[in-house]
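Just so you know, the protein sequences line up as chains C and R, in that order. Numbering of the first sequence is given in our numbering, commencing with residue 192 and proceeding in unit increments. Numbering of the second sequence is given in our numbering, commencing with residue 848 and proceeding in unit increments.
These are computed hints drawn from the structure, not numbers from a lab. Incorrect hints may appear among the rest.
Stated by the list, open to error - Below, computed lysine to any residue pairings styled on SDA-like, alpha-carbon distance capped at 25 Å:
id : chain 1 : residue 1 : chain 2 : residue 2
1  : C       : K325      : C       : Y301
2  : C       : K320      : R       : K986
3  : R       : K1040     : R       : E1070
4  : C       : K341      : C       : V384
5  : C       : K317      : R       : K1093
6  : R       : K986      : C       : R276
7  : C       : K267      : C       : E199
8  : R       : K988      : C       : D209
9  : C       : K341      : R       : M848
10 : R       : K1093     : C       : G305
11 : C       : K341      : R       : K1093
12 : R       : K988      : C       : E211
13 : R       : K986      : C       : R342
14 : R       : K986      : R       : R1092
15 : R       : K1093     : C       : P337
16 : C       : K324      : R       : P1173
17 : R       : K1093     : C       : E278
18 : C       : K341      : R       : S1072
19 : R       : K906      : R       : R1097
20 : C       : K393      : C       : T378
21 : R       : K988      : C       : A224
22 : C       : K324      : R       : V1090
23 : C       : K319      : C       : T367
24 : C       : K320      : R       : E1087
25 : C       : K303      : R       : S1072
26 : C       : K393      : C       : K320
27 : C       : K303      : R       : R1078
28 : R       : K1093     : C       : R342
29 : C       : K319      : R       : K1040
30 : R       : K1088     : C       : T378
31 : R       : K986      : R       : E1087
32 : C       : K324      : R       : W1021
What the hints assert, rightly or not - So these bits of chain R aren't anywhere near chain C, every CB distance computed over 12 Å:
id : residue
33 : L916
34 : S1003
35 : F1035
36 : D1075
37 : Y1076
38 : T1079
39 : A1082
40 : L1171
Please read all numbers here as calculations on a predicted model, not as lab measurements. Glycine residues also receive a C-beta, built at the ideal position from the N, C-alpha and C atoms.
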Amino acid sequence: MANILDIENLRVTFPTDDGEVHAVDNLSLSLSAGETVAIVGESGSGKTVTSLSVMGLHNPNSTSLSGHIKVRDGEKIVDVVSASREEVRSLRGRVVSMIFQDPMSSLHPYYKIGNQLGEAYLVHNKGKKAEAKKRVVEMLDLVGIPEPAKRAGEFPHQFSGGMRQRVMIAMALMNTPKILIADEPTTALDVTVQAQILTLLKDLQKEFHMGILLITHDLGVVAQVADRVSVMYAGNIVERGSADDIFYRPMAPYTVGLLNSVPKITIGKRERLPSIQGQPPSLINLPSGCAFAPRCDYKASAPAGACDASLPLLTGLNENHVSRCHIAEANRATLFAHAGRE
Amino acid sequence: MVGFISRRLGFSIITLLVVTFAVYVIFAVLPFDPAALTCGQHCNATIVHANRIRLGYDKPLWDQFWLFLRGIFMGRTYGTGAGAFTCPAPSFGFSFNQNTCVSTLLAQAFPITISLAVGALILWLIIGVSLGILAARYKGKFLDTASSVFVLFGISLPVFVTGLFLLIYMSLRWHIIPIQLQGYVSLFSNPFKFGEYFILPWITLAFAFAALYTRFTRASILETSGEDYIRTARAKGLSEKVVLRKHTFRAALAPIVTMASLDFASLIGGAILTESIYNLPGLGNLTLQSIYEFDLPVVVATTIIAAAVVIVMNLIVDLLYAVLDPRVRA
């Protein structure tokens, strides 16, 4: 199956007063139709920057991209990094769509829902007002908004958070895109609503056969919907594999740390939640060695001095499950086997 | 919505009453005897006393205030018998300096101030808002820098400097716009003369305000550009032009409308400097003159009217907000 999205060696940097920020460093990722790929990582690890780059929504004046972001548009392949602004614009909402973290602020407060949805259709289907109207009601119905025709005439503030995220999903899918980027789609929602939204996304994915790039820090969400997972740390992918690989056979110390930090229902009343010690590094002056080395519990198991000397490559016994670690591939499985179960 | 309007209306009326009373009391307790100011050098105690009774200054403060309020709605008659005269509603008192009803003076001054304020408002909104949009659109580029030079000049130069410059160069040196000697002509009787009469005052006022509004519009648009819903608009595939015109500008407009309404209100209260420079017989000039001449009834009236305009404009802003922002309507 051909990939609908291929990110190759993506680097994203932007200048600040303190120096150049290396938000994403040499990232490669692929997504095929009907598949859900999750990017997991803590705040500032480069997840959102990656997703905005795919949309071409980075600030063109201050951000510089290198590498390739190849998006399949029918027979054509468009590289978002090198394509003209107009080419990238025509992809947005038609081939690649995006839903955002905060549905409360992502809809324009002054325009009716129907107007905002219709606009998403009309921008790629000039002048088809009657179709747009029909499509709005159809999509609102599809995402589970009751009385869609009436609700289309209402304003965003008349909708609850969960309903607004449904509206955002409807808006993203107005032109049946091939790729949906979901940037923390459930973070701002109640837990029960989260589950509904995730189920809805899964159902719509089947119906439209689209690839979903899910950006999240919530491992619970990943476990529910992701087929493949990339774990990011300090602008790099530190581990990539199937969801089962990541949860049951983690191969990178950072993934192990993440899994151990998930709250367990068996935790004692007075016990502290486990966490990864230390702080993530500044993206301005990245250490020359492994970015995670200063916080790593397993440094002693690696060859002496290796962790501080160089950034390890993405390697693994099997090309579908790779991780960045100086510890020999053969030893990783046994060393990290207790992750998430202690 | 009806509840919202009536609530705001009620508050406005109460505020207006309180302000009127405060102004009236302040002028009543001033260490001047208004009756003594009613006649000039050849005054004597008998005339002063007669005038005091005629104008009602002998009554207690409460009664005076009540008569003043009543006069606004019902008109007021001063004195009795053959010497009596009546100021019809709305009567704001009697100016003994000018020997006429204050409302007559106000009626003469008001159209001039309104024409000045409305014309300047239109001019500065067109210039300020469009420059602000351009500056925001080309942030950091040449246009942005050029607009900030304009802003610097507009904000630093006081009205009396720009006003005099315009007057000296446009009228006296270059004779582009003749000095206005024949006085105010209404817009409806002769639009050309009307424009000629007001063009320099408009430019003078608008220059200072346009600078302010350029800055303000730029800031408002840049702030709105960072909103999540603007990112959503881009994510739909809308072009930058449509994003700016339909999404950013619409949301950035609300604070501009508020500021414009309040600035407009304060101008109606009297653009004293501009009116003095161009010798426009508007409310500002009327106030100034009355202060010089201790014409207290006129000062009271213009002060109350200035306050009333601010209150009414505030009410209008609130209603405008409800039109602009659907969240307020609920």
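Is the Cβ of A1082/R more than 12 Å away from each Cβ in chain C? The assertion about A1082/R is violated, with a minimum of 5 Å to chain C.
Determine whether the non-interface label on L1171/R survives the test: each CB of chain C must be over 12 Å from its CB. At roughly 7 Å from the nearest Cβ of chain C, L1171/R sits no farther out than 12 Å, so the non-interface label is violated.
Given the hint that K906/R pairs with R1097/R, does the C-alpha gap stay at or below 25 Å? With a Cα-Cα distance of about 56 Å, the restraint between K906/R and R1097/R is violated, given a limit of 25 Å.
Is the claim that Y1076/R lies outside the interface with chain C correct, judged by CB distances over 12 Å? violated, 4 Å
Restraint status (C-alpha distance of K986/R to R1092/R at most 25 Å): holds, 16 Å
Is K986/R within 25 Å of E1087/R, Cα to Cα? The given pair, whose Cα atoms are some 14 Å apart, holds under the 25 Å limit.
Mind checking the alpha carbons of K393/C and T378/C for me, to see if they're no more than 25 Å apart? This hinted pair holds, its Cα atoms lying about 17 Å apart.
Quick one, are K986/R and R342/C close enough, alpha carbons at most 25 Å? Measuring from Cα to Cα gives roughly 39 Å; hence the hint is violated.
Say whether it holds or is violated: F1035/R keeps its Cβ farther than 12 Å from all Cβ of chain C. holds, 37 Å
Given pair status - A224/C, K988/R, alpha carbons within 25 Å: violated, 42 Å
Below or equal to 25 Å on CA atoms is what counts here, so check K988/R against E211/C. holds, 22 Å
Taken at face value, is the distance from the CA of S1072/R to the CA of K303/C at most 25 Å? holds, 20 Å
Hint violations for this structure: numbers 2, 3, 13, 15, 18, 19, 21, 26, 29, 30, 32, 36, 37, 38, 39, 40, all remaining hints satisfied.
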